[in-house]
Amino acid sequence: MRSLQELTVGSTGQVADVSGEDTTSLRLLEMGLTPGVAVTVVGTAPLGDPLELELRGYRLSIRRNEAARVAIAH
Amino acid sequence: MSSVAASDTSAGSAASSSGHLSVALLGNPNTGKSTLFSALAGIPTRIGNYPGVTVEEKIGRFTHRGQGIELIDLPGTYSLVAKSPDEQVVVDVLQGKMKGITRPDCVVVVADATNLPRNLYLVSQALAVGLPVVVALTLGDVADSKGIAVDHAALSQELGCPVINVVAPRRLGIGRLADMLVEASDWQPPTPPMRLTSCLAAADPARPAAAAEAIARYAWIDEVVNRVVTRQTDHRRSTSDRIDSLLTHRLWGTLVFVTTMLAIFSSIFWLAAPLMDLISAGVDALASGADALMAEGTLKSLVVDGVIAGVGGVVVFLPQIAILFLFVAILEGCGYLSRTAFLMDRLLVGVGLSGKSFIPLLSSFACAIPGIMAARTIENRRDRLLTILVAPLMSCSARLPVYLLLCGAFVPNIAVGVSWLRLPAVVLAAMYAIGVVVAAVVAFVLSRTVFRGPPQPFVMELPGWRWPQPAVVLERVREAAVSFLKNAGTLIMAVSIVVWALGTYPKPTLPADVPADAAVLEGEALRQSFLGRAGRLIEPVVKPLGWDWRLGCAAVASFPAREVVLGTLGVIYNLGDVDPGEEEGASLLIRQLRAATWDGTDRKVFTLPVALSIMVFFALCAQCASTLVVIGKETGSWVWPVVTFSYMTGLAWLGAFLTYQAGTALGW
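Chains A and B supply the protein sequences, listed in that same order. Quick note, the working numbering runs 6 ahead of the 1-based positions in the first sequence. Counting along the second sequence from 1, when you hit position 63 you're at 48 in the working numbering, and nothing is skipped either side.
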């Protein structure tokens, strides 16, 4: 199972699950990164972190270690 | 949330008993909520912090069809599940649990039409709060340009509450919204839509409740959005889209970023300068006027040397604050502020901070006060506090005269490597670098020790480009300016008076054989005052730094405001009131300093290591009462100014000590 942080820039994936039970995971879910949603990695900051994502019609930025919690379906 | 609705009976009666209607304005950040607030209520009547927390409270009043309405602009939030102080405040106000605020009579939820799915998350929670709800659908014009169409009538049906299209900058829909509010006391709170209730009931019991609920809400949102939103697949790229592409481009985006930051930085230095000179001239005029009009004596000295000098010295920073907040408000309004945090995050995380600290720290190079105030944009409490604690280490513009004088007078003008690179310039750059490096180390250490904690989510929306609203931008500048001036008029005035007293009393007694010229008199007055005595007292402490008691005295005198040190040195060396800014004054001071010897010896005080140790001390020391006062205000506690003062003074002493000892040992 791949994680969101492994997706290359420009590719789109479908969220399989968000792991973790803390505030960060809840926040990811509340911002729309729920199972089944399509998410595209639009780009990264100059140093490779954080990631810029597009989902549900808007742009979201999250750090790589946060993206690691999001599993992407094949 | 439903249990609160059942127990609350005051929603309807509150309006009629107090005469005015209380409306809460709720919504995600970046939805045009501030513009809507402005369009409805104009300038806020109450700005401050909610009791006990450093979350901004903003309340406005207006009248519509004879009905008085109080509008509470709640902090922007993505969810009513409280995970931060901001969210907790929103929940408390909506449940009527916030001290000093009665429970609102109804709620206006602002939803961004370009971004409806995520906005509906908060709307779905608001529908269960137990208060009448109106949804104001904003940014419809931007949605049009993106080819997004929202059927607001269908949406209203799906939600079970009124939905009004609003384009606040053009005042479209404002009247209808106000009409609806006036009639709000006649409504019942909505029943959450059946489909939402069944989605929530079907939430996965295997997951933690909050997570399962979030997923269930989005399941409902997907259904609603399918029925209500249509996207044109072949719409023409709008100007906004083109600007967006530019700003997010790997190369051009970075170029835009660097240019913007340079522009902000230089404006705070150079654009502000003529305005600051104007204010400075005004303060001087006021001082001369008072000097001429008032009778000699203690009161005049208090007014001229204490209040006018002290408060005037702080008020002169108003242009820098106004300019900085103008830029921050514009960046915020056009959606670019988040992008700067995004670009700088990786670098700042490395030292224990985060991307949002970038602009506050950058601004602190001009003056820490606006920088610390700008830290309000950091929602994360820990990051915000850390940023505020290290901001004063960014060498501010008040340190520059000290660096320039000492570099010019005591650093040999030799070339370093290439002929155009001179040692004084290198030393100057080194002083700035020292501040940054020490700040990085302090932030790093604090974030791993005292402020160690679970990682805070960075999860941050990157809003698309939109045109900043002048009304909102000017309002932000006005707020910042007023808040700063209030500080100056109260706390800083108090501090100035105390410092004046310490520098004036006890009055000097001159030995009979000393000529009574003004300069000598002033020198004696300072030496024999409490401040001067403090200088002599700490001489053993400053000796290891290579300083004599006069330097110690000047350092102590400059604790409230470092920029007075040069003038103070002039007084101590019996030059009278030397203005080191003027060509003649500076050379006179430099000559005096170069000639200064230790009491009773021929040994020069100002060697190169001494000059360097003074500069390092000034680079790292918190010699600014105004900054400390602002830190206290922004953190809501006097603990942090004390902590800042203590750690910085400690580091300053240590830095100066190491510099002097190393420099002397190396024979500089």
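Because the hints were derived from the structure by calculation, they are not lab data. Mixed in with the good hints, there may be bad ones.
[Unchecked claim] Listed next, the stretches of chain B that the computed footprint assigns to chain A, with coverage defined by at least 3 CB atoms under 8 Å from CB atoms of chain A:
#1 57 to 71
#2 102 to 108
[To be verified] Reference excerpt, derived from the structure (chain B facing chain A, CB under 10 Å, subset only):
#3 Ala204
#4 Arg216
#5 Cys319
#6 Ser468
[Claimed, not checked] Ranges of calculated distance between the beta carbons of each label pair, as one might list FRET restraints:
#7 Gly54/A <-> Ile264/B: 27 to 35 Å
#8 Thr176/B <-> Gly26/A: 16 to 24 Å
#9 Pro193/B <-> Val43/A: 15 to 23 Å
Each residue gets a CB set at the ideal place from its N, CA and C atoms; glycine is no exception.
Outcome of the hint check:
1. Check on the region 57 to 71 of chain B: 4 of its residues sit with their Cβ under 8 Å from a Cβ of chain A, so the three-residue criterion for coverage holds.
2. Under the rule that three or more residues need a Cβ within less than 8 Å of chain A, the assignment of the region 102 to 108 of chain B holds, with 3 such residues.
3. Interface hint status for alanine 204/B: upheld, as the beta-carbon distance to the closest one in chain A is roughly 8 Å, under 10 Å.
4. Because the closest C-beta pair between arginine 216/B and chain A is about 8 Å apart, less than 10 Å, the hint holds.
5. Taken as an interface hint, cysteine 319/B does not check out: its beta carbon lies about 15 Å from the nearest beta carbon of chain A, beyond 10 Å.
6. Interface restraint check for serine 468/B: the shortest CB-CB distance to chain A comes to about 30 Å, outside 10 Å, so the restraint is violated.
7. In this structure the supplied range 27 to 35 Å is violated for glycine 54/A paired with isoleucine 264/B, their Cβ-Cβ distance being about 45 Å.
8. The beta-carbon spacing between threonine 176/B and glycine 26/A, approximately 34 Å, falls outside the hinted interval of 16 to 24 Å.
9. Hint check: proline 193/B to valine 43/A, Cβ distance near 19 Å, so the stated range 15 to 23 Å holds.
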